[in-house]
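*Asks:* The lines below spell out each chain.
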Amino acid sequence: MAVASLAPDAGEVDQLYIETRELRLQGFLFFLISDCVLFSSFIFAYLYMRNSGQGWPPPGVQRLDVAFAAWNSVVLFGSGATMHYALENFKYGHFMRYMWFLLATIVLGVMFLGGQAYEYNHLIFGEHVTWAGSGIFGASFFTLTGMHGFHVFIGVCYLTVLVLQSAAGVYTRGKYFGITAGTLYWHFVDVIWVVLFSIFYLL
Amino acid sequence: MSVAAVHSGGIADHIHPEPQGFIRRYVFSLDHKIIGIQYLVTGFVFFMLSGLLAETIRTQLLNPNGGFVSPETYNEVYSIHGSAMVWLVVIPLLTGGFGNLVFPVQIGARDVAFPWLNMLSFWIFPVSGLMLFSSFLMGAPTAGWMEYPPVSLQGQAGTSMWAAAIFLVGVSSTMTGLNFLVTILKMRAPGMTFTRMPLFVWGQFATAPLLMIATTALAAALAALFINREFGVPFYDPTKGGSPVMWQHMFWFYSHPAVYIMILPAFGIISEVLPTFARKSIFGYKMIAFSSAAIALLGFMVWAHHMFTSGLAPFLQLPFMILTYIIGVPTGIKIFSWTATLWGGKIHYSTAMLFAIGFVALFTLGGITGIFLAAIPFDLHVHGTYFIVGHIHYVLVGGSMMGIFAGMYYWFPKMSGRLLNETLGKWHFWLFFIGFNGTFIPMHWLGMLGMPREVATYDPQFTFWNRFETFASYLMTFAILIFFVNIIWSIRYGKKAGANPWGARTLEWQVPSPPHYYNFKHVPTVYGLPYDFSQPLPYKGLEEELTDSPPAVAAGAH
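So the sequence lines, in the order shown, correspond to chains A and B.
Numbering (this note's numbering) for the first sequence: 94 to 296.
Numbering (this note's numbering) for the second sequence: 5 to 562.
Hints in this document: simulated from the structure, not taken from any laboratory.
The structure displayed is predicted, hence computed values, not measured ones.
The C-beta atom is built at its ideal place from N, Cα and C for all residues, glycine as well.
Incorrect hints may appear among the rest.
[Stated by the list, open to error] Computed from the model, here is a short list of chain B residues facing chain A with C-beta under 8 Å:
id, residue
1, 13
2, 14
3, 24
4, 28
5, 117
6, 185
7, 189
8, 190
9, 221
10, 236
11, 237
12, 245
13, 246
14, 250
15, 253
[To be verified] If you only want the chain A side, here are some residues facing chain B, beta carbon under 10 Å, derived:
id, residue
16, 123
17, 130
18, 133
19, 141
20, 178
21, 224
22, 225
23, 226
24, 227
25, 235
26, 293
27, 294
Please take these sequences and the hints and turn them into a complete structure.
*Replies:* If you want it as structure tokens, here you go:
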């Protein structure tokens with residue numbers, strides 16, 4: 094794969110681009126806000142059901158394995174750090190370092206999804222805790238972590254597209270909103286996981 | 005950006021190439037005005053279908069034992085009537101319809117922030133509408149527009165289709181809200197500060213965050229209902245630990261803001277029509293503008309007043325009652341400001357003005373019964389009776405629909421270049437006004453006497469007033485037929501309107517009817533409020549709008 098370097102004069106942008114980028118950034122932040130409301134609603138549902146039942150975890154369900162999920166969280170938070178360095182390196186023109194950090198983010202994201210798959214496998218086939226068959230525990234745990242995992246999956250796909258686009262020279266020193274949006278999205282998914290980890294594993 | 009320099013080369017100086025061909029102009033159009041008209045046409049088609057369902061309900065209630073349709077069908081009919089009126093008629097007409105049509109021109113923008121997203125929002129809407137009506141084919145939902153579990157969990161197969169349809173139309177609403185909010189925040193013409201925006205824009209500005217935030221909460225509730233029904237995941241199923249009351253929380257956390265989604269843009273329409281036809285500056289501009297924002301904010305804090313009979317914790321009941329009372333204050337500010345606007349004005353009783361004044365009267369009545377219902381002791385007495393039905397129709401038909409009709413008579417010349425016929429319009433108004441009150445006033449005392457809503461039969465002692473309501477509702481339907489005839493007739497034979505038939509002062513009236521696809525040849529500079537009828541227009545740079553000269557900036561590819 095031929096990797097194009099950034100053209101030296103590519104830092105120049107016109108007024109139309111600057112204003113359009115401002116609109117896109119604002120719109121993307123609003124999208125994240127409304128996505129956040131989607132998670133908040135399910136989190137509310139989980140806390141509501143948890144408090145209206147007879148103790149937690151419900152009878153017949155083991156407490157979740159904190160240690161494994163904690164390591165998995167470290168993987169995801171690490172991917173947040175690599176994503177941050179990817180964007181910063183791009184801004185300062187270090188294209189190859191940007192690409193390596195981006196690839197590292199994708200690998201860590203896939204590792205997180207693998208960890209989640211391992212945990213699901215353990216819960217479903219090891220402890221027979223399922224989505225529909227384990228009352229409100231299965232309903233809230235699998236729905237929320239599944240939604241989050243789906244967001245991570247979408248993020249991984251998006252970052253893969255970023256890699257291909259960057260290799261094709263789509264982004265320049267001045268025009269890289271796609272990378273900014275990807276970074277914001279990835280951090281958003283990280284923050285959601287902080288909340289989910291706290292309320293499912295620590296609470 | 006609102007104070008960007010002239011000819012900065014930014015969005016304000018950028019015109020897309022003219023769309024070519026029928027498909028790009030009128031079907032998959034990116035032009036906000038065309039998309040607005042598409043919303044209006046689609047919304048009014050669904051309005052006719054919902055109206056047929058409403059007349060089915062009224063015809064069933066001619067006799068205490070019904071007999072027009074079976075009780076099961078009756079349940080399906082009122083469920084779909086309510087759902088369709090809320091999600092397919094009132095919300096899309098007021099936000100996607102009038103919002104798209106008017107507000108980008110009013111703030112001096114060339115289009116909304118994301119035209120492609122706008123087109124996508126629109127095309128999701130008719131698809132979800134067809135899905136909603138298609139649920140009749142597989143057994144429509146039967147638990148009312150609120151679809152409370154556990155009844156909705158046991159409902160027929162169409163209930164899942166209902167959830168999917170409402171989810172989709174919610175996605176459309178969310179995208180519209182996001183689009184409008186960015187447009188208003190970032191794309192106002194130079195000098196168009198927040199406190200110079202027309203009040204219709206303030207209505208949309210207060211509505212957009214509600215669309216964006218509250219609708220997502222509904223999406224979560226609907227998704228949970230769908231997977232509960234289809235995959236047996238027990239969110240709402242009390243036999244497996246789920247909670248039906250949780251649905252009510254999630255549903256009303258959306259649906260209470262939704263009633264403001266359905267009324268704030270109508271407030272905006274009224275605030276444009278009243279000063280124009282009273283020839284007098286709007287009274288209390290800032291009060292009207294900020295009370296819209298206050299209503300939007302408070303709207304998120306009152307949802308549980310729908311649940312006073314649902315086993316809400318007692319310590320929660322009193323705060324929700326008090327907050328509900330508080331929300332009456334900004335609403336009252338608006339009513340008094342509109343009344344003061346009329347006072348001493350040279351009132352011209354055009355049809356749009358009649359509907360606007362009718363709106364103020366009927367919405368006030370609906371608001372007052374709302375204050376009744378906020379009181380827990382009273383609410384416990386009339387909950388689930390026709391009093392509620394009377395209340396909601398006073399605010400949604402007497403309020404929102406009257407606002408929509410006022411907007412149609414007011415802005416029809418702007419979208420078509422021709423005026424609606426005033427004689428037919430006055431017949432429409434008076435028959436509708438009389439029919440409406442005849443239909444919904446008796447519901448208040450029927451409800452006080454204990455006639456339950458959502459039941460296919462009733463006690464014979466209520467026969468007289470039910471028949472009275474039914475005949476009055478036929479009158480209302482006839483008035484709406486006059487309206488449709490008026491539209492179809494006026495598109496071809498209506499009087500030519502010219503750019504500004506009403507002598508109105510907001511920006512959309514300073515450009516030709518219909519406006520060019522790029523809205524303005526020069527983006528104007530704004531110097532003040534649009535409502536001061538004693539002063540010259542507060543705009544500069546509009547001199548060439550009504551001439552044949554080409555736009556000041558050349559069209560170019562993005």
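*Asks:* Are the hints correct? Go through all of them and say.
*Replies:* The hints, checked one at a time:
With a cut of 8 Å, the hint placing residue 13(B) at the interface with chain A holds, because the nearest CB-to-CB distance is about 4 Å. Satisfaction of the interface hint for residue 14(B) is found here, the shortest Cβ-Cβ separation to chain A being roughly 4 Å, below the 8 Å cut-off. Interface hint status for residue 24(B): violated, as the beta-carbon distance to the closest one in chain A is roughly 22 Å, over 8 Å. For the restraint placing residue 28(B) at the interface with chain A, the shortest Cβ-Cβ distance is roughly 21 Å, beyond the 8 Å limit, so the hint is violated.
For residue 117(B), the interface hint holds, since its Cβ comes within 8 Å of a Cβ in chain A; the closest pair sits about 5 Å apart. Annotation: residue 185(B) was flagged as interfacial toward chain A, and the flag holds, the nearest CB pair being 6 Å apart, inside 8 Å. The criterion of a C-beta within 8 Å of any C-beta in chain A is met by residue 189(B), whose closest approach is roughly 6 Å, and the hint holds. This hint holds: residue 190(B) has a C-beta 6 Å from the nearest C-beta of chain A, less than the 8 Å allowed.
Because the closest C-beta pair between residue 221(B) and chain A is about 5 Å apart, less than 8 Å, the hint holds. Given hint, residue 236(B) at the interface with chain A, holds; its Cβ is 4 Å from that chain's nearest Cβ, closer than 8 Å. Nearest Cβ of chain A to the Cβ of residue 237(B): about 5 Å, under the 8 Å cut. The hint holds. Because the smallest distance between the Cβ of residue 245(B) and any Cβ of chain A comes to about 4 Å, under 8 Å, the interface hint for this residue holds.
Checking residue 246(B) against chain A: minimum C-beta separation of about 6 Å stays under 8 Å; hint holds. For the restraint placing residue 250(B) at the interface with chain A, the shortest Cβ-Cβ distance is roughly 5 Å, inside the 8 Å limit, so the hint holds. Of the supplied interface hints, the one on residue 253(B) holds, with its beta-carbon coming within about 7 Å of a beta-carbon of chain A, less than 8 Å. Taking 10 Å as the C-beta cut-off, the interface hint given for residue 123(A) holds, the closest approach to chain B being about 5 Å.
Because the closest C-beta pair between residue 130(A) and chain B is about 4 Å apart, less than 10 Å, the hint holds. For residue 133(A), the interface hint holds, the least distance from its beta-carbon to any beta-carbon of chain B being 8 Å, beneath 10 Å. This hint holds: residue 141(A) has a C-beta 5 Å from the nearest C-beta of chain B, less than the 10 Å allowed. Contact between residue 178(A) and chain B, as hinted, is not supported at the beta carbon level, the nearest pair being about 30 Å apart and thus beyond 10 Å.
Taken as an interface hint, residue 224(A) checks out: its beta carbon lies about 6 Å from the nearest beta carbon of chain B, inside 10 Å. The beta carbon of residue 225(A) comes within 4 Å of a beta carbon in chain B, closer than 10 Å, and the hint placing it at the interface holds. About 8 Å separates the beta-carbon of residue 226(A) from the nearest beta-carbon of chain B, less than 10 Å, and the hint is met. Of the supplied interface hints, the one on residue 227(A) holds, with its beta-carbon coming within about 9 Å of a beta-carbon of chain B, less than 10 Å.
Because the smallest distance between the Cβ of residue 235(A) and any Cβ of chain B comes to about 8 Å, under 10 Å, the interface hint for this residue holds. Contact between residue 293(A) and chain B, as hinted, is not supported at the beta carbon level, the nearest pair being about 16 Å apart and thus beyond 10 Å. Evaluation of the residue 294(A) hint against chain B yields a violated restraint, the C-beta minimum of about 20 Å exceeding 10 Å.
Hints 3, 4, 20, 26, 27, counting from the list given before, are not met by this structure.
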